[in-house]
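A.B. asks: Fit chain F to the given chain Y structure using the hints.
Number of protein chains: 2
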Amino acid sequence: MKKTKVSSIGERALISRLSEIFNAPEGKERGREGILVGAGSDDCAVLDLKGEDCLVVTTDMLHRTTDFPVEMTPWQMGWMSAAVNLSDIAAMGAEPTGILMAIGMPADTEIAFVEELAKGIQACAEFCETAVVGGDLDTHAELTITGTALGKVKKSQLLLRKGAKPGDLVCITGYTGSAGAALKAIQSKKPVSETVLKALFEPIPRTREARILAESGAVTSMMDTSDGLAMSLYDLARQSKVGFRLREAALPIHPEVREFASGPGELLELALYTGGDFELIFTVNPARLKKVQNICNLTIIGECTKYETGIVLESPECRLTIIEQRGYQQLKAETAD
Amino acid sequence: MKKTKVSSIGERALISRLSEIFNAPEGKERGREGILVGAGSDDCAVLDLKGEDCLVVTTDMLHRTTDFPVEMTPWQMGWMSAAVNLSDIAAMGAEPTGILMAIGMPADTEIAFVEELAKGIQACAEFCETAVVGGDLDTHAELTITGTALGKVKKSQLLLRKGAKPGDLVCITGYTGSAGAALKAIQSKKPVSETVLKALFEPIPRTREARILAESGAVTSMMDTSDGLAMSLYDLARQSKVGFRLREAALPIHPEVREFASGPGELLELALYTGGDFELIFTVNPARLKKVQNICNLTIIGECTKYETGIVLESPECRLTIIEQRGYQQLKAETAD
Numbered sequence: 001m002k003k004t005k006v007s008s009i010g011e012r013a014l015i016s017r018l019s020e021i022f023n024a025p026e027g028k029e030r031g032r033e034g035i036l037v038g039a040g041s042d043d044c045a046v047l048d049l050k051g052e053d054c055l056v057v058t059t060d061m062l063h064r065t066t067d068f069p070v071e072m073t074p075w076q077m078g079w080m081s082a083a084v085n086l087s088d089i090a091a092m093g094a095e096p097t098g099i100l101m102a103i104g105m106p107a108d109t110e111i112a113f114v115e116e117l118a119k120g121i122q123a124c125a126e127f128c129e130t131a132v133v134g135g136d137l138d139t140h141a142e143l144t145i146t147g148t149a150l151g152k153v154k155k156s157q158l159l160l161r162k163g164a165k166p167g168d169l170v171c172i173t174g175y176t177g178s179a180g181a182a183l184k185a186i187q188s189k190k191p192v193s194e195t196v197l198k199a200l201f202e203p204i205p206r207t208r209e210a211r212i213l214a215e216s217g218a219v220t221s222m223m224d225t226s227d228g229l230a231m232s233l234y235d236l237a238r239q240s241k242v243g244f245r246l247r248e249a250a251l252p253i254h255p256e257v258r259e260f261a262s263g264p265g266e267l268l269e270l271a272l273y274t275g276g277d278f279e280l281i282f283t284v285n286p287a288r289l290k291k292v293q294n295i296c297n298l299t300i301i302g303e304c305t306k307y308e309t310g311i312v313l314e315s316p317e318c319r320l321t322i323i324e325q326r327g328y329q330q331l332k333a334e335t336a337d
Numbered sequence: 001m002k003k004t005k006v007s008s009i010g011e012r013a014l015i016s017r018l019s020e021i022f023n024a025p026e027g028k029e030r031g032r033e034g035i036l037v038g039a040g041s042d043d044c045a046v047l048d049l050k051g052e053d054c055l056v057v058t059t060d061m062l063h064r065t066t067d068f069p070v071e072m073t074p075w076q077m078g079w080m081s082a083a084v085n086l087s088d089i090a091a092m093g094a095e096p097t098g099i100l101m102a103i104g105m106p107a108d109t110e111i112a113f114v115e116e117l118a119k120g121i122q123a124c125a126e127f128c129e130t131a132v133v134g135g136d137l138d139t140h141a142e143l144t145i146t147g148t149a150l151g152k153v154k155k156s157q158l159l160l161r162k163g164a165k166p167g168d169l170v171c172i173t174g175y176t177g178s179a180g181a182a183l184k185a186i187q188s189k190k191p192v193s194e195t196v197l198k199a200l201f202e203p204i205p206r207t208r209e210a211r212i213l214a215e216s217g218a219v220t221s222m223m224d225t226s227d228g229l230a231m232s233l234y235d236l237a238r239q240s241k242v243g244f245r246l247r248e249a250a251l252p253i254h255p256e257v258r259e260f261a262s263g264p265g266e267l268l269e270l271a272l273y274t275g276g277d278f279e280l281i282f283t284v285n286p287a288r289l290k291k292v293q294n295i296c297n298l299t300i301i302g303e304c305t306k307y308e309t310g311i312v313l314e315s316p317e318c319r320l321t322i323i324e325q326r327g328y329q330q331l332k333a334e335t336a337d
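Chains as they are written, first to last, in the working numbering: chain Y, 1 to 337; chain F, 1 to 337.
Here chain Y stands alone, though its shape is the one from the complex (with noise of 0.2 Å):
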């Protein structure tokens, strides 16, 4: 075991790992009175600030090979891994308070491609009503960005992926497979609109949506769909300790989606098991589904189930079928994009 390579037990596998690591410091509980919720169970972790508020703070490495396709800007480099961070930031239902950008470049890196990243960074935070507090500059052979979002949030409104209780109603914001089709119309060569690809390029965190969700009062459980809409029910499912029953046909698909899938199969892959979508998945009481109605773009795609039951697709012939555990993962040969 011990020569094991981390490619041969993915990202979560590896992080449950670490998690153990970090959370069980030989019993010590030193230095942890303040953590709410610690490394590896949601999108940010929670920090109590003693008062009515909590903390949240995520990071999030990038690397141009492996996340920025080769079509993007420096700009929307620099949108991108601002966006990433203050999407898990939303997942919190959090306001956004600042973020930090460590830069790793190669020497030869010209100033005016830098001052672009820059100006895409600081358009996404301004776009989030926050800012740029801090970084790091350094030298690297392969453009690495990570990013660090800080956000704060009453205690009583905070979000987490645990929450969601059997009955309460599965929504999303937005649409879901825009850019797992923008990415396979690049790699394919295939022509795709501009719509679709900026959902890639340009991916909008959803941080307002995500106050006035967390203001409802209505969402049990929360967290953002980017390594894909499967991996996001199980990360939940996980959490929660609920099944999910989704309806196939009330999936968001945008139109331009599903011109471009070359039939229902792929329309279903691209929907479910493709990442890079910064929506929103979140869990409504019933009872109150009222109050989140009409306040923001949602759809309700399906309902919480008990564990037992799974994570099943309804498709319109009211046939089920199992959703997959799938999608995207850093450190694993097998992942979906």
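FYI, nobody ran anything at the bench for these hints, they're computed from the structure. Some hints could be false.
Since the list gives no way to pick one copy over another, a pair counts as held whenever it fits inside one copy or between any two copies.
[Stated by the list, open to error] Cross-link-like lysine to aspartate or glutamate pairs, in silico, EDC-like; alpha carbons within 16 Å at most:
#1 Lys190 - Glu71
#2 Lys5 - Glu110
#3 Lys119 - Glu20
#4 Lys5 - Asp108
#5 Lys5 - Glu116
#6 Lys3 - Glu115
#7 Lys3 - Glu116
The model shown is predicted, which means the values in this text are computed figures rather than measured ones.
C.D. replies: Showing chain F alone in chain Y's frame:
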């Protein structure tokens, strides 16, 4: 100018350009309300927590080839990655409240390696009485670790690079030049003691000393010496608008480093112009010197002068020479190490 490479202007000049993009978004102030200290000027950014506390946060990216000598164990790489960030928290006089670690690694990295790395991170976090609260795992050609550390400090106790006044005494914790001597020893394959090697491989963030110093009320400015003593003096000078006169005979140099150096010239080079020591350099109001004198291991190495006087070193024969503005700097061809 547009085609200029980043290597031609160096880290500090590039930081200053990017800070302009991040700090002046077309005059908009939205999202900037809580920022007490923004990108670029200090070891950490400082955010207002509304109550009496403020939040300090910093991020640092390390790469295997450039930041970890080949002699380092994975445990030491982990320790170091946590230590660079926790040292920045100490530099602000703050108490660490959590650390996040984004790790990019080759897919064929052995799990045992990653686990050792994690244990080193955990050990350093525990030493500083804090914990790893989050992170990210990623595949990457070269091992890359970006840490982010958070801390808190009462606004009244926050220590910045700004605040030193002419007449203040300049102090430093521990020794200067030890990490530089260790690196030199490795590069030139000269033997050196375990103690000196440890200064480079397992640097100790001065988080405890920092808290005591901040609470004393006697310290007027502070930062860490990770980029070298000379660079730190220039950073303090720029922010505080003071000059410095250091006494050569007062510089605290480890006996084994004195023994290692080939002569007084090399000794001074190590003490002033090499990075990697994670000591605190700070200025003290002389009227309050007694408040700090016996609370931690410190050495008075000189005093603050008027800005116009520059940064000078006084030899045992009372001869003054200018301390140069060089040391450890990323993105710069002519870095000292």
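A.B. asks: Now tell me if each hint is right for this structure.
C.D. replies: Now the hints, each set against the structure:
Proximity of lysine 190 and glutamate 71 under a CA criterion of 16 Å is satisfied intra-copy only: 14 Å inside one chain copy versus 49 Å between copies. Taking the shortest Cα distances, lysine 5 and glutamate 110 sit within 16 Å of each other only across copies (4 Å), while inside one copy they are farther apart (36 Å). Taking identical chains as interchangeable, the C-alpha atoms of lysine 119 and glutamate 20 lie at most 16 Å apart only when they sit on different chains, with a minimum of 10 Å there against 39 Å within one chain. With identical chains, the CA atoms of lysine 5 and aspartate 108 are at most 16 Å apart between copies only, with a shortest distance of 5 Å across copies and 33 Å within one.
Taking the shortest Cα distances, lysine 5 and glutamate 116 sit within 16 Å of each other only across copies (14 Å), while inside one copy they are farther apart (37 Å). With identical chains, the CA atoms of lysine 3 and glutamate 115 are at most 16 Å apart between copies only, with a shortest distance of 12 Å across copies and 43 Å within one. Taking the shortest alpha-carbon separations for lysine 3 and glutamate 116, only the inter-copy value of 13 Å comes in at or below 16 Å, while the best intra-copy value is 43 Å.
Comparing the model with each numbered hint stated earlier shows that all of them hold.
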